[in-house]
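Visitor: Residues per chain are reported as follows:
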Amino acid sequence: MFIWFTLLADWLVYDCLGLSNQSQLAQALHFFVEDTSKIFALLIIMIYAIGWLRAALNVERVRGYLAGKPKWIGYTMGSGFGAVTPFCSCSSIPVFLGFTSAGIPIGITMAFLLTSPLINEVAILLLFSLLGLEITLLYIATGMAIGIVGGAILDLLRAERWLQPIAAKAYAMGQESSQVATNPANGNAETITWRHRHQFAKSETKEIFGRVWKWVVIGVGLGAALHGFVPAGWLEANLGDGQWWSVPLAVLAGIPLYANATGVIPVMESLLIQGVPLGTTLAFCMSTVAASFPEFVMLKQVMQWRLLALVFALLLTSFTLMGWVLNLLQ
Amino acid sequence: MNIEILGSGCKKCTNLAEEVSQVAQQMDSEFNLDKVTDMAKILEYGVMSTPAIVINGAVITAGSVPSTKEIESLLQAHC
Numbered sequence: 016m017f018i019w020f021t022l023l024a025d026w027l028v029y030d031c032l033g034l035s036n037q038s039q040l041a042q043a044l045h046f047f048v049e050d051t052s053k054i055f056a057l058l059i060i061m062i063y064a065i066g067w068l069r070a071a072l073n074v075e076r077v078r079g080y081l082a083g084k085p086k087w088i089g090y091t092m093g094s095g096f097g098a099v100t101p102f103c104s105c106s107s108i109p110v111f112l113g114f115t116s117a118g119i120p121i122g123i124t125m126a127f128l129l130t131s132p133l134i135n136e137v138a139i140l141l142l143f144s145l146l147g148l149e150i151t152l153l154y155i156a157t158g159m160a161i162g163i164v165g166g167a168i169l170d171l172l173r174a175e176r177w178l179q180p181i182a183a184k185a186y187a188m189g190q191e192s193s194q195v196a197t198n199p200a201n202g203n204a205e206t207i208t209w210r211h212r213h214q215f216a217k218s219e220t221k222e223i224f225g226r227v228w229k230w231v232v233i234g235v236g237l238g239a240a241l242h243g244f245v246p247a248g249w250l251e252a253n254l255g256d257g258q259w260w261s262v263p264l265a266v267l268a269g270i271p272l273y274a275n276a277t278g279v280i281p282v283m284e285s286l287l288i289q290g291v292p293l294g295t296t297l298a299f300c301m302s303t304v305a306a307s308f309p310e311f312v313m314l315k316q317v318m319q320w321r322l323l324a325l326v327f328a329l330l331l332t333s334f335t336l337m338g339w340v341l342n343l344l345q
Numbered sequence: 003m004n005i006e007i008l009g010s011g012c013k014k015c016t017n018l019a020e021e022v023s024q025v026a027q028q029m030d031s032e033f034n035l036d037k038v039t040d041m042a043k044i045l046e047y048g049v050m051s052t053p054a055i056v057i058n059g060a061v062i063t064a065g066s067v068p069s070t071k072e073i074e075s076l077l078q079a080h081c
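If you're matching them up, the sequences are chains A and B in order. Residue numbers for the first sequence follow the numbering used here, so the first one is 16 and each next one is one higher. Residue numbers for the second sequence follow the numbering used here, so the first one is 3 and each next one is one higher.
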């Protein structure tokens, strides 16, 4: 079914603009038109469909599921819910406080918050359509593993020592009683009607598409530039053997760049096509997505510098290790 | 009627506050609207997903930006 987007790009670039299919500009433009149109169409369908499915899931429910679970199950569940629960990143702080005050260990809460930006439904479906099942599964597995291991390490180091006063208060509340405060907004008894689902899915589609479309354009634009203008084989010749230093370098390069998972996947596709090894590519992309300064400045409200630096270092180390391992296995 | 909008001050929360204040003005009842960004206060209400609407101390919605129509009926039900 994807042939339609190739035909559209053929028609626009070769027929309408009359460019020769030998020129670099035409090739880059063709790639850009084909990928953006394909991604936009997929996004709208997918966000709607998934919004429909998860209309009933919210952070309040997740907190109910996570409270009182044994730790190892908790990390895995926390990370899994982080991947699927819809929540605005501006809610990170209330979620952190809410989980903590319900007696959920910091590590489980962090497994939730760390996995959340790395894996989301849009990213997964894009990955699947652009790069296939194998890489998608690998991406999900590594993303979740980073959340789970990161959370476990934070608990081992007793991260609760380095909370800001307000978060420490929430933590103390959680230790006193594991009773989850109930209020009307917890909405456990609320039943979800078809109309509700449609409403939710519609507003999700509008909201998410409105937010990510520009990232897709930037991402695909960069991908197209790589595709058309970087001499074929140049990246492969220089990074193709998975030289050990290329992985930490990729992670460092990803820090100042900030994109969400949706924008970075088209870039990932291009890097892989250009022959950059999988481990290096994933390390770069995950670092771009997860190690973002705006997010960390926000977390400063609940964490002391020491804990913040620890989380940051933990992320960078795990991206690097993951990159090395994947390059070795390849 | 005492309305509070809870939120960290992101775009969604500001939009919601604006919307609610417009609806309340049209309803022509006396009201007082506060934007609450203090996390300690938000925690006290037990709210995790922002933005949230609080009327006279009770949490009415959390984690969503209701449509103008919904806001209208919510306000009418609670004033």
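Check the hints yourself; a few may be wrong.
[Unchecked claim] Derived lysine to any residue pairs resembling SDA-like cross-links, with alpha carbons at most 20 Å apart:
| no. | chain 1 | residue 1 | chain 2 | residue 2 |
| --- | --- | --- | --- | --- |
| 1 | B | 43 | A | 180 |
| 2 | B | 13 | A | 230 |
| 3 | A | 221 | A | 237 |
[To be verified] Cβ pair distances, simulated, as ranges:
| no. | chain 1 | residue 1 | chain 2 | residue 2 | range |
| --- | --- | --- | --- | --- | --- |
| 4 | A | 80 | B | 59 | 35 to 45 Å |
| 5 | B | 24 | A | 332 | 47 to 57 Å |
| 6 | A | 290 | B | 74 | 15 to 25 Å |
[As the list claims (entries may be wrong)] These stretches of chain A come out as covered by chain B in the derived footprint (C-beta under 8 Å, 3 or more residues):
| no. | region |
| --- | --- |
| 7 | 121-129 |
| 8 | 265-279 |
The set of hints was computed from the structure by calculation and includes no laboratory data. Everything numeric in this text was worked out from a predicted model, so none of it was measured. By construction, the Cβ of each residue, glycine as well, lies at the ideal position given by its N, Cα and C atoms.
Visitor: State for each hint whether it applies.
Guide: Evaluation of the provided hints:
Simply put, residue 43 of chain B and residue 180 of chain A have alpha-carbon atoms about 14 Å apart, close enough for the 20 Å limit, and the pair holds. The suggested pairing of residue 13 of chain B with residue 230 of chain A holds, with an alpha-carbon distance near 18 Å, which does not exceed 20 Å. Our distance criterion of 20 Å between C-alpha atoms is broken by residue 221 of chain A and residue 237 of chain A, whose separation comes to about 25 Å. Residue 80 of chain A and residue 59 of chain B have their C-beta atoms about 28 Å apart, which leaves the hinted 35 to 45 Å range violated.
For the hinted restraint 47 to 57 Å between residue 24 of chain B and residue 332 of chain A, the CB-CB distance of approximately 49 Å keeps it satisfied. At roughly 58 Å, the beta carbons of residue 290 of chain A and residue 74 of chain B sit outside the given window of 15 to 25 Å. With 0 residues having a Cβ less than 8 Å from any Cβ of chain B, the region 121-129 of chain A misses the three-residue criterion, and the hint is violated. A count of 0 residues in the region 265-279 of chain A with a Cβ less than 8 Å from any Cβ of chain B is obtained; the coverage claim is therefore unmet, three being the minimum.
Figure legend: structure checked against the earlier numbered hints; hints not met, in rising order: 3, 4, 6, 7 and 8.
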